[in-house]
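*Asks:* The primary structure of each chain is shown beneath.
Number of protein chains: 2
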Amino acid sequence: MEIKIGVDGGGSKTEIVALDQTGRVLRNLRKPASNYHLVGMEQATQNIIEGIRDALQEESVQGIGISLAGIDTPEDWKNMADNLKGELLVLGQKTGVNFQDIPVALENDVYGALMSVRGEFSGNVLAAGTGAVALGINPEGRVIRVGGWGHLIGDQGGGYDIGRKALVAMAASFDEYGPKSLLESTITKHLGLARVQEIIDWLYQAKRTNKEVASLVPVVVETASRGDFIARSILVEAGVGLGLLTRALLRKTKTLELGIVGGIGNIWGYIESSFNSTVSVEFPTLQILKPIYTPSVGAALLSTIDQVRHIEF
Amino acid sequence: MEIKIGVDGGGSKTEIVALDQTGRVLRNLRKPASNYHLVGMEQATQNIIEGIRDALQEESVQGIGISLAGIDTPEDWKNMADNLKGELLVLGQKTGVNFQDIPVALENDVYGALMSVRGEFSGNVLAAGTGAVALGINPEGRVIRVGGWGHLIGDQGGGYDIGRKALVAMAASFDEYGPKSLLESTITKHLGLARVQEIIDWLYQAKRTNKEVASLVPVVVETASRGDFIARSILVEAGVGLGLLTRALLRKTKTLELGIVGGIGNIWGYIESSFNSTVSVEFPTLQILKPIYTPSVGAALLSTIDQVRHIEF
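Protein sequence lines, in the order shown, are assigned to chains A and B.
So for the first sequence, this note's numbering puts the first residue at 1; every next one is plus one.
So for the second sequence, this note's numbering puts the first residue at 1; every next one is plus one.
Keep in mind that the hints were calculated from the coordinates and are not lab data.
Heads up, a few of these hints could be off.
As the list claims (entries may be wrong) - Pairs of lysine-lysine residues, derived as DSSO-like cross-links and limited to a Cα-Cα distance of at most 27 angstroms, are as follows:
1) LYS207(A) with LYS207(B)
2) LYS180(A) with LYS254(B)
3) LYS290(B) with LYS78(A)
4) LYS180(B) with LYS254(A)
5) LYS31(B) with LYS290(B)
6) LYS13(A) with LYS94(A)
7) LYS180(B) with LYS207(A)
8) LYS254(B) with LYS78(A)
9) LYS252(B) with LYS180(A)
10) LYS211(B) with LYS211(A)
What the hints assert, rightly or not - These stretches of chain B come out as covered by chain A in the derived footprint (C-beta under 8 angstroms, 3 or more residues):
11) 20–27
12) 72–82
13) 184–191
14) 225–233
15) 244–250
As the list claims (entries may be wrong) - Not the full set, but computed from the structure, chain A residues with beta-carbon under 10 angstroms of chain B:
16) LYS31
17) ASN35
18) MET41
19) VAL146
20) TRP149
21) GLY154
22) LEU245
23) ALA248
24) LYS254
25) THR255
26) GLU257
27) GLY263
28) GLY265
29) ILE267
We put the CB at the ideal spot given by N, CA and C, even for glycine.
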């Protein structure tokens, strides 16, 4: 039997699957994070390679797809590809698998997200968790990416953006240079702070991750549910931000289907209305799809796609 | 003769002055940065102590005022006070100066900025360079601070905020999820990048400082001067942000004078109009003052003020 291996690696974990020829999941494994900007190249590579090693059994390997957070620039790609190539050759010597004869796709994790929507390299996907990025295929088959500029200047509508804006509102409410908001008390209580000003110590610790800021999203949602106008506005703005990303993508890909992938799906009810307002004037017939596959299965399916970057041995 | 010593320490340099009893500057020295969050506690303390040592000559010391960036929380203050105390005692043994008998004031650098306006512990100051914070004295003589929550959630209208918003606009223009702006080309050219996307590598380097982001302000100003609506809007927004900080402070201090301190003074002409619009409805008679003294002289004058924190020996 031939299998495909898929690796979906992010800032908190790496998921690995082995699929049989019918697409059925034979094995499903988990390793620690593999965003190399967060855990370093050695650790990231090791987690990926151990995942692939553990997914291998007696079957021959037809292809490997690796869909990774943190692979944004050409330099990122080359760094990671060079490291993975070396380690795959070492793993090949130990296991007898000739990785150099197997297609090994390596792309940013939004590519696995796109494949997870319908199992096809087509359409559009909006991948929004801690960050936010949209990807689609234009009528000429070319990949179009919109957003994903990172937490400091992009990622509008992602969880970090929502959490950060809640902290901005909390500070402005406390100092009274912005409108009063319940976020002042709900966030302070949620984080177990004695005083609002302690948010500075909390936020600027070197170990503070974007994911932890994004974990304030449920507090924003709960505060909005209690009728707080500012918390509601932040969620409305997130819907608009994701809507703008989507609208820009749809203009370029001219495809009227959009898969929604990532944690943002959990709060879609709160942002759907402003998202739709932003998108529907121009694209009233857009269809929102829930992905059929997991991102790691999406990654495995990437191995067969010619339009994505493969590691050259 | 008796002298006062003033230390104004920030993220790029430390300025030290010795004043005679009439307030005349006898000596003016410069040491490297002393924001301990940026250079570490050992380096920060050493730069301050060496500055004080070099400012000492034969005169007796009447007071020392230390006005430091990075002293925001009670923990920051205690850390720095404990370290300075130890080092001042060591310096005292070498120089014969009994620092424990001399008032040594230690405060955040906005306090030295307040003193620099008129040499008095009264009124209001808006200190905006890379960050932005406002400080004033209320009718009961109590210190009111507004803003200064740092670059991630505060500092509206400061140089980092202006630079970051220009990068946001640049990304949105490139991906066409926001309006087209000349900032796309002017920033790329200014930073010597071949492609707009290289801004990601530039911005997220571990060594990238807030000050470097703030150094994009002249590019924003130049782009605004060429008529770019987005660049103009960013400057208008900065004026509004500083206006909101100021308005909140004036409501609490009920004093109608404001000193403007820091790099923002260099672009005041571009933000003055929206600043005034924000403040003048409520405070039409606000008087804007240019500081009479330098921040290091302001720091020296702090030594005589009882309402500020002193190091206890």
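*Asks:* Indicate, hint by hint, whether the structure satisfies it.
*Replies:* Status of each hint after checking the structure:
no., hint, verdict
1, LYS207(A) with LYS207(B), "holds (16 angstroms)"
2, LYS180(A) with LYS254(B), "holds (20 angstroms)"
3, LYS290(B) with LYS78(A), "violated (53 angstroms)"
4, LYS180(B) with LYS254(A), "holds (20 angstroms)"
5, LYS31(B) with LYS290(B), "holds (26 angstroms)"
6, LYS13(A) with LYS94(A), "holds (25 angstroms)"
7, LYS180(B) with LYS207(A), "violated (36 angstroms)"
8, LYS254(B) with LYS78(A), "violated (60 angstroms)"
9, LYS252(B) with LYS180(A), "holds (16 angstroms)"
10, LYS211(B) with LYS211(A), "holds (25 angstroms)"
11, 20–27, "violated (count 0)"
12, 72–82, "holds (count 3)"
13, 184–191, "violated (count 0)"
14, 225–233, "violated (count 0)"
15, 244–250, "holds (count 4)"
16, LYS31, "violated (24 angstroms)"
17, ASN35, "violated (12 angstroms)"
18, MET41, "violated (14 angstroms)"
19, VAL146, "holds (5 angstroms)"
20, TRP149, "holds (4 angstroms)"
21, GLY154, "holds (5 angstroms)"
22, LEU245, "holds (5 angstroms)"
23, ALA248, "holds (4 angstroms)"
24, LYS254, "violated (14 angstroms)"
25, THR255, "violated (16 angstroms)"
26, GLU257, "violated (19 angstroms)"
27, GLY263, "violated (21 angstroms)"
28, GLY265, "violated (21 angstroms)"
29, ILE267, "violated (21 angstroms)"
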